Amino acid sequence: MSTAPAAVRAAEVWRLPERDVRAGRRAVAWTVGPDGVLAVLLVDGRGPSVPPPFDAELVTVTARGERRRPLVRVPVRPAHLALLPGRRVLLAGYRAGRGRDASAPNAVVLGAEGRPVRDLALGDDLRALTTDREGRIWMAFGDEGIYGDHPLAHPGLTAVDPGGRVVWRPGEGELPESPLEGLAAATEGTSAWLAWYPDSSGSLLTRIDPAAGTSRSVPSPVRLPLGFAVTGDRGVFLTGDGELAWYGRTAGGRWAEHRRGVLRLPGVLDRERAHGRDGVLWFRAGDAWYRVEA
Numbered sequence: 001m002s003t004a005p006a007a008v009r010a011a012e013v014w015r016l017p018e019r020d021v022r023a024g025r026r027a028v029a030w031t032v033g034p035d036g037v038l039a040v041l042l043v044d045g046r047g048p049s050v051p052p053p054f055d056a057e058l059v060t061v062t063a064r065g066e067r068r069r070p071l072v073r074v075p076v077r078p079a080h081l082a083l084l085p086g087r088r089v090l091l092a093g094y095r096a097g098r099g100r101d102a103s104a105p106n107a108v109v110l111g112a113e114g115r116p117v118r119d120l121a122l123g124d125d126l127r128a129l130t131t132d133r134e135g136r137i138w139m140a141f142g143d144e145g146i147y148g149d150h151p152l153a154h155p156g157l158t159a160v161d162p163g164g165r166v167v168w169r170p171g172e173g174e175l176p177e178s179p180l181e182g183l184a185a186a187t188e189g190t191s192a193w194l195a196w197y198p199d200s201s202g203s204l205l206t207r208i209d210p211a212a213g214t215s216r217s218v219p220s221p222v223r224l225p226l227g228f229a230v231t232g233d234r235g236v237f238l239t240g241d242g243e244l245a246w247y248g249r250t251a252g253g254r255w256a257e258h259r260r261g262v263l264r265l266p267g268v269l270d271r272e273r274a275h276g277r278d279g280v281l282w283f284r285a286g287d288a289w290y291r292v293e294a
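As numbered in my numbering, residues 1 to 294 make up the sequence shown, in order.
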């Protein structure tokens with residue numbers, strides 16, 4: 001007779017203050033920077049439901065507390081938020097244009113003063129996005145992007161610099177199968193990890209070494225991870241059902257499960273994304289953000 005997974009307790013990092021809740025403000029995008037800084041994009045009650053451009057506020061949270069910075073005239077509907085060197089901020093939408101508009105910008109870089117400084121076209125059906133300490137933007141795309149009009153999405157997995165120039169894409173035969181859908185992204189030291197699945201069953205994890213420009217793909221121990229974090233031979237994986245599983249990698253490269261549990265948290269789990277940084281997995285439930293370690 002099987003037993004139900006044990007409840008897992010996660011460390012709460014930050015919660016939307018009551019004053020923002022009373023003012024009708026809401027969080028529409030969030031990320032964790034390469035150095036473990038939580039960043040949350042707040043908008044007023046109407047938010048990005050009105051046509052861009054609109055104003056917003058960026059909240060960054062560290063061990064020393066929170067800081068707030070206004071962002072002015074944001075020109076895109078933000079599905080993804082990321083932090084870049086020099087206090088710059090990247091905001092990107094899921095979708096790009098179609099046909100003749102396929103190369104139209106769907107992302108923007110805002111400078112340290114919170115104003116747009118560069119438009120970017122980051123491809124269509126952008127499912128997972130993270131940045132590293134050097135400012136590279138790592139992305140995994142969905143099937144509509146891979147088989148769509150925007151060439152940046154065609155490989156399924158791609159990295160660009162903050163100017164939009166491609167700095168990595170898989171070479172012919174580099175991946176064991178062709179990507180069909182991107183799932184999640186993480187970083188570990190100077191390496192980037194992208195989770196995705198191909199046409200066949202199962203999903204894969206691709207670890208890219210930017211210095212060498214090479215990658216290695218291994219089976220994921222979790223079929224469809226919402227998010228994951230890896231450090232050395234340890235990993236923690238989160239599913240959209242709120243289940244967490246911890247694994248260790250054996251000498252042969254296989255994953256061995258150590259323990260498993262289910263999150264018991266107030267609020268609904270954000271099933272769009274979670275972020276992995278150097279063995280720490282960050283996720284959102286309701287108006288609060290949490291972390292667990294691998």
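The set of hints was computed from the structure by calculation and includes no laboratory data.
Owing to the predicted nature of the structure, the values given are computational and were not obtained by experimental measurement.
Hints are not guaranteed to be accurate.
[Said to hold, decoys possible] Distance ranges between label pairs, derived from CB positions:
no.	residue 1	residue 2	range
1	164	199	41 to 49 Å
2	11	248	45 to 53 Å
3	165	36	42 to 50 Å
4	21	272	31 to 39 Å
5	166	11	34 to 42 Å
6	113	62	40 to 48 Å
7	177	250	18 to 26 Å
8	234	164	28 to 36 Å
9	35	164	22 to 30 Å
10	209	17	35 to 43 Å
11	164	53	17 to 25 Å
12	209	119	26 to 34 Å
13	62	264	34 to 42 Å
14	173	18	49 to 57 Å
Ideal Cβ positions, reconstructed from N, Cα and C, are used throughout, including at glycine.
Taking the hints in turn, this is what the structure says about them:
For the pair residue 164 and residue 199, the beta carbons lie near 29 Å from each other, so the given range of 41 to 49 Å is not met. For residue 11 and residue 248, the hinted distance range of 45 to 53 Å is not satisfied, since their beta carbons lie about 21 Å from each other. Between residue 165 and residue 36 the Cβ separation comes to about 27 Å, which falls outside the hinted range of 42 to 50 Å. Checking the proposed 31 to 39 Å range against residue 21 and residue 272 shows it is violated: the Cβ atoms sit about 21 Å from each other.
With their beta carbons about 37 Å apart, residue 166 and residue 11 fall inside the hinted range of 34 to 42 Å. Separation of residue 113 from residue 62 is about 20 Å and departs from the stated range, judged on CB atoms against 40 to 48 Å. At about 23 Å, the beta-carbon gap between residue 177 and residue 250 stays in the expected band of 18 to 26 Å. The hinted range of 28 to 36 Å is satisfied by residue 234 and residue 164, whose Cβ atoms lie roughly 34 Å apart.
A hinted range of 22 to 30 Å for the beta carbons of residue 35 and residue 164 is consistent with their spacing of about 23 Å. Checked against the hint of 35 to 43 Å, the C-beta distance between residue 209 and residue 17 comes to roughly 41 Å, which is consistent with it. Roughly 20 Å separates the CB atoms of residue 164 and residue 53, a value that falls within the hinted 17 to 25 Å. The hinted window of 26 to 34 Å between residue 209 and residue 119 holds, with their beta carbons roughly 30 Å apart.
Taken as a hint, the range 34 to 42 Å is violated for the pair residue 62 and residue 264, whose Cβ atoms sit roughly 27 Å apart. The hint said 49 to 57 Å for the Cβ distance between residue 173 and residue 18, and at roughly 55 Å that hint holds.
Violated hints, listed in ascending order, are 1, 2, 3, 4, 6, 13; each of the other numbered hints is respected by the structure.
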